[in-house]
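Engineer: So the sequence lines, in the order shown, correspond to chains D and X.
First residue of the first sequence? That's 5 in this note's numbering, and the numbers climb one at a time after it.
First residue of the second sequence? That's 24 in this note's numbering, and the numbers climb one at a time after it.
These aren't lab readings, by the way, just hints derived from the structure by calculation.
Accuracy of the hints is not assured; some may be wrong.
Stated by the list, open to error - Covered stretches of chain X (in silico footprint by chain D; criterion: 3 or more residues with CB under 8 Å from a CB of chain D, positions within the stretch not fixed):
| # | stretch |
| --- | --- |
| 1 | 94–103 |
| 2 | 213–219 |
| 3 | 223–235 |
What the hints assert, rightly or not - No more than 25 Å apart at the CA atoms, straight line, and that leaves these computed lysine to any residue pairs for SDA-like:
| # | chain 1 | residue 1 | chain 2 | residue 2 |
| --- | --- | --- | --- | --- |
| 4 | D | LYS116 | X | ASN215 |
| 5 | D | LYS96 | X | ARG197 |
| 6 | D | LYS182 | D | GLU35 |
| 7 | D | LYS79 | X | LEU217 |
| 8 | D | LYS116 | X | ARG306 |
| 9 | D | LYS96 | X | GLY298 |
| 10 | D | LYS182 | D | GLY34 |
All values derive from a computational prediction rather than experimental measurement.
Beta carbons: idealized from backbone N, C-alpha and C, even for Gly.
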Amino acid sequence: MGGEIQLVALVKRFGSVTAVDAVDLTIPQGEFFSLLGPSGCGKTTTLRMIAGFEQPTSGQVLLDGADMAGIPPNKRNVNTVFQSYALFPHMKVFDNVAYGLRRAHVARAEIKQRVSEVLEQVQLSALASRKPAQLSGGQQQRVALARALVLKPAVLLLDEPLGSLDAKLRRQLQVELKALQEQVGITFLYVTHDQEEAITMSDRIAIMNQGHVEQAATPREMYEEPATAFVADFLGVSNLMDARATRTSGAAVALDLGSGIVVEARAGDVSASGTVKVVIRPERVTIEQAGVTGPNRIPAMVTRSVYLGNGVRVITHLATGHSLTVLVPSTGDGTPASWEPGESVTCHLPDSALRVLPLDSGAADVQPVPAT
Amino acid sequence: MKRGGSGSPSGAGAGRGREGTLRWMGRAVLTAYFWAFVVFLFAPLAVLVVFAFNQSMTPTLPITGWTTHWFHQAFSDTELTGALLRSVGIGAATGLFATALGIMASVGLNARRLRLRALVVAVLLLPLVVPYISLAVGLLVLLNQLGIQISLWAVFLGHVVITLPFAVLVIFPRLRSLDPAMIEAARDLGSNELTAFNLVTLPLLVPSLVSSFLICFITSFDEFAIASFLAPPGQPTFPVFLYTGSRAPGLLPELIAIGSLIIVASLVVIAIAEGGRRWAERRLRGITAEELPTGQDVPALQI
Chain D
5 MGGEIQLVAL VKRFGSVTAV DAVDLTIPQG EFFSLLGPSG CGKTTTLRMI
55 AGFEQPTSGQ VLLDGADMAG IPPNKRNVNT VFQSYALFPH MKVFDNVAYG
105 LRRAHVARAE IKQRVSEVLE QVQLSALASR KPAQLSGGQQ QRVALARALV
155 LKPAVLLLDE PLGSLDAKLR RQLQVELKAL QEQVGITFLY VTHDQEEAIT
205 MSDRIAIMNQ GHVEQAATPR EMYEEPATAF VADFLGVSNL MDARATRTSG
255 AAVALDLGSG IVVEARAGDV SASGTVKVVI RPERVTIEQA GVTGPNRIPA
305 MVTRSVYLGN GVRVITHLAT GHSLTVLVPS TGDGTPASWE PGESVTCHLP
355 DSALRVLPLD SGAADVQPVP AT
Chain X
24 MKRGGSGSPS GAGAGRGREG TLRWMGRAVL TAYFWAFVVF LFAPLAVLVV
74 FAFNQSMTPT LPITGWTTHW FHQAFSDTEL TGALLRSVGI GAATGLFATA
124 LGIMASVGLN ARRLRLRALV VAVLLLPLVV PYISLAVGLL VLLNQLGIQI
174 SLWAVFLGHV VITLPFAVLV IFPRLRSLDP AMIEAARDLG SNELTAFNLV
224 TLPLLVPSLV SSFLICFITS FDEFAIASFL APPGQPTFPV FLYTGSRAPG
274 LLPELIAIGS LIIVASLVVI AIAEGGRRWA ERRLRGITAE ELPTGQDVPA
324 LQI
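Can you make the complete structure from the sequences, with help from the hints?
Structural biologist: Take a look at the structure:
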């Protein structure tokens, strides 16, 4: 079946703009892999180079070990689901799906059978004789999927395929897409700017920023051990603070957060020195009564408190000047601890939860690159 | 079209009467303007049709009697029918050729990278602003220099030059409105560039191609300056025949009869073109708009 993609030092420049900057990735056969990043990070350009719509400036795209350089899109065993669906408006659903098979000169009876099968699979059999304009957005999306899948490609490329659907339908289709991928077993390369979407569906994710890959990992690794400040910030779940590493001692590093407050961190790059970023996830912070002292405890003031049902999100202002979000789960008897705005408290940042990140990659400020 | 409700919302009190009067006056003025416009546009055409059946040699009132004699006479006049056929032939050839060139020019203009795009556009659209008479003289001089006899081919070439801008102006916007991802999808699904163009781009251009053909045909059919310079003696196109013939009073009733036939033919062509456009749009959408789904999605998709 195949379907292994290798990107080797892949570069794409448009004039003076570098859209994709030395990307190295290996996506094994059968994986659901997402390219995640803000708009203009180079994820769509990367996808288009794999599809064959763009030629790399340098570097290689290998499909099952074969260099794709100079091979046109129609000769690649790869199919694409476009963001705009790009259905052929003058053809019926059946003819849209049969398009690729006809180009491959598949026998008429087999075309009929394969199209019927795939339409069955996406539950569109009843609509085979409709025109795309007569379908809803979700239905059109499924036609686009069926049209690509009927060719049994080694790799399916999906360019923000759920981008133009409403939130409820999107969540539903995320589950269905994942199930479909597991069923057909081919490699899915999924481009999205929606971190929730990527985390829900993917086996692995690569977060891209300004043309390069910040981190490629499983959603869990990405979430629990973000490699860079950009990743932590983009996943949007962590508190991110500037700090100065003052002294390292084996597995721990002392961090000066400003205002003379020093904490100890034991996760991430503990050998770092100088200016660093430090992250801590909201659920790892605990709030204690004001006046409690001890290591890694910082006086703070509650600025906002949001009831979430299963807990409370408390936003505090640390004595260091940082803003810190804390997730306080409901207690055993169901009553969430309540913290009123203006209340003085102490925040405990456990050293095992404080993760030190190297301050290299332009941190969180995203430089927009012209549309790719 | 349904007009909005008349009158202001409740509580306008005394102001309502005045507002109502103003509204009524406005509507009356607009209606009068509309009919004046229609009369101005169509009265000459109607007059022509009426006098085509007039028994008298001179188109003056009162009409003394009705006849279809002039139609018979016109169609037995081989000079006249010859000129008409020549113009139809040149018009059809011009329409086809200019539309074909217009497709190519539009594809070129639509390319992502095109050197000197502004210059290319300017050159393509230049014939729009150059007086036809200058083009005609220029072509005549050029053909003379090249030692080529003037002929109906020269008229055809001249007409392609002047109609190409119309073809581009009709086809290019349509081409640019197509989602480029559609062509990429066709390539992705296994078509080479030519097949993708033939199976996806071209069918979606059809409405604009029909418009382009009709506009180019009519422009050529109607064109006098170039034809008068380049049509060889004894082979006038219809407008050339008309202008020379209208000076011979004996021909006038025949010309009026043919003129009225052309008016009727134009109306038929327009009706067919409009019907064809609607048909093409329906074909694109499937059935009628009323039967479109209301955007409800199928709830769950079990795979």
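Engineer: Each of the hints needs a verdict: does it hold here or not?
Structural biologist: Each hint tested on the structure:
no., hint, verdict
1, 94–103, "violated (count 0)"
2, 213–219, "holds (count 4)"
3, 223–235, "holds (count 3)"
4, D:LYS116 <-> X:ASN215, "holds (23 Å)"
5, D:LYS96 <-> X:ARG197, "holds (21 Å)"
6, D:LYS182 <-> D:GLU35, "holds (11 Å)"
7, D:LYS79 <-> X:LEU217, "holds (14 Å)"
8, D:LYS116 <-> X:ARG306, "holds (22 Å)"
9, D:LYS96 <-> X:GLY298, "holds (22 Å)"
10, D:LYS182 <-> D:GLY34, "holds (12 Å)"
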